[in-house]
Structure formats: C-alpha cells, structure tokens
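Asker: Based on the sequences and whatever the hints tell you, model everything.
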Amino acid sequence: DTGVSQDPRHKITKRGQNVTFRCDPISEHNRLYWYRQTLGQGPEFLTYFQNEAQLEKSRLLSDRFSAERPKGSFSTLEIQRTEQGDSAMYLCASSPGRINQPQHFGDGTRLSIL
Amino acid sequence: KQEVTQIPAALSVPEGENLVLNCSFTDSAIYNLQWFRQDPGKGLTSLLLIQSSQREQTSGRLNASLDKSSGRSTLYIAASQPGDSATYLCAALNRREPQGGSEKLVFGKGTKLTVNP
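For the record, the sequence lines run as chains L and G.
Numbered by our numbering, the letters in the first sequence go through residues 1 to 114 in order.
Numbered by our numbering, the letters in the second sequence go through residues 115 to 231 in order.
Just so you know, the hints here were simulated from the structure itself, not pulled from any lab data.
Do not rely on the hints blindly, as some may be mistaken.
[As the list claims (entries may be wrong)] Derived lysine to aspartate or glutamate pairs resembling EDC-like cross-links, with alpha carbons at most 16 Å apart:
{"hint": "1", "chain 1": "L", "residue 1": "57", "chain 2": "L", "residue 2": "68"}
{"hint": "2", "chain 1": "L", "residue 1": "14", "chain 2": "L", "residue 2": "107"}
{"hint": "3", "chain 1": "L", "residue 1": "57", "chain 2": "G", "residue 2": "141"}
{"hint": "4", "chain 1": "L", "residue 1": "14", "chain 2": "L", "residue 2": "63"}
{"hint": "5", "chain 1": "G", "residue 1": "115", "chain 2": "L", "residue 2": "44"}
{"hint": "6", "chain 1": "G", "residue 1": "156", "chain 2": "L", "residue 2": "83"}
{"hint": "7", "chain 1": "L", "residue 1": "71", "chain 2": "L", "residue 2": "107"}
{"hint": "8", "chain 1": "G", "residue 1": "182", "chain 2": "G", "residue 2": "117"}
{"hint": "9", "chain 1": "G", "residue 1": "156", "chain 2": "L", "residue 2": "7"}
{"hint": "10", "chain 1": "L", "residue 1": "11", "chain 2": "L", "residue 2": "68"}
{"hint": "11", "chain 1": "G", "residue 1": "223", "chain 2": "G", "residue 2": "129"}
{"hint": "12", "chain 1": "L", "residue 1": "11", "chain 2": "L", "residue 2": "78"}
{"hint": "13", "chain 1": "L", "residue 1": "71", "chain 2": "L", "residue 2": "28"}
{"hint": "14", "chain 1": "G", "residue 1": "182", "chain 2": "G", "residue 2": "141"}
{"hint": "15", "chain 1": "G", "residue 1": "223", "chain 2": "L", "residue 2": "44"}
Answerer: Below, the structure written as structure tokens:
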C-alpha cells in the first residue's frame, strides 16, 4: 500500500492557461474521487469514478473541467481556460468500493492562478 | 441537502488536557460518519469511521461517538499532545439520492486544534 499519489504538488499558472493534474490511486481500489478545497473550507465533491466509468459530476464542475480514468487506473483532471476562482487545493481519494471502508486521500495539488 | 457543521472553528488547549470536538449534520440518512485529520498543506488522514448502526469507535487516545437521531458526532481526544495540533474534519457519507449517483462525503469546515507545550 503505497498510498494515493498526486502530481504535481504545486502548479502556478497564468489566467487563461490549461492545466492537468494526475492522481494514482491505491492499487486495486476501484473507486476514485476528486475534491476541491479552498482556504478555511472543507473539501467539496467534484466527481467520482468506479473503475473507468465516471458516474457523477458535481454542479461545481463547469464545462471547463474534465476528468478521465482510462483503464480504471490513474486519473487526470484538466481545467481549461483557468480563472482566478479556480485557485484551490485539488484532492484525490480512492477506496476499495465497499461502503464502510474509508476513503484514502493524497496530499493534493495546490493550484495558484496569477 | 446535507449540511455538516463543526464547532468550534478553532481551539487552543494546554498539553495533557482532554478535549471534545463537535460535529452536527442535518440529514440522518447516512451510511457512516468519518473523522479526518489534516496537517497544513497536506491531504486528509482517516482517523475513525463510525457506521450508521454503531454508537462509537475508539483508536488509541481517540474516541468518536455518533447519535444519528440528534444529528451529532463528537471526537474525544484524551491527554492531548503538541503532535495532535492539526485541523480535524468530520464528513458524512450520504446514502444515494433517489435519482441515483454516488455516495458522497459531505465535509464540515473543520476545527483547527492547537495543543500548547
């Protein structure tokens, strides 16, 4: 169990640029979640995969956001035409797929929009 | 819509003190209630998970309770240490909405705990 890995840890970019984040879940965890956390707030749910299928997207996820999980392994979250309001910590979590098993979180990617 | 509230927002205690963190939720239709710890600039570490059918869970110096009928959970930390300083988050795992979708974790804003030596 090597834990959930996220890359990069920090990303600074100019407004209007596209960014992509990667999440490697714990192996054999078939559920993968993306959350967004702003300063002083708890994480907010963005989207969820079971294996390679994206089963739900939050209304927080505008058309500029897209997430994929090819082959049900790692996942990517892309933000197009970034805006100031996208500045946040983006957290990834995975779980084995049984309801009463905790989600395991990565250390997140902190995005700063200049 | 589930709403989770944590009180207080911040707490400062001397080392060795026992303390209680509070969490309340508005919708009792949950699978479980989870407590997490978050250190600055880091992700979340799962501390305790209480299933909806359970009343409490214990791990070392930590004890979490759940009262679904009143929509409350508490995290009790015994004999606090400076290393316990962190933000503690509670989250409710909601049952599926009638129209489908995933079981979502809904988080409170957290309690920032400082344990002074």
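Asker: Confirm or reject each hint.
Answerer: Going through the hints against the structure:
no., hint, in the structure
1, L/57 - L/68, "holds, 12 Å"
2, L/14 - L/107, "violated, 23 Å"
3, L/57 - G/141, "violated, 21 Å"
4, L/14 - L/63, "violated, 19 Å"
5, G/115 - L/44, "holds, 14 Å"
6, G/156 - L/83, "violated, 23 Å"
7, L/71 - L/107, "violated, 23 Å"
8, G/182 - G/117, "holds, 14 Å"
9, G/156 - L/7, "holds, 13 Å"
10, L/11 - L/68, "violated, 19 Å"
11, G/223 - G/129, "violated, 24 Å"
12, L/11 - L/78, "holds, 12 Å"
13, L/71 - L/28, "holds, 12 Å"
14, G/182 - G/141, "holds, 9 Å"
15, G/223 - L/44, "holds, 10 Å"
Checked against the numbered hints listed earlier, the structure breaks hints 2, 3, 4, 6, 7, 10 and 11; every other hint is satisfied.
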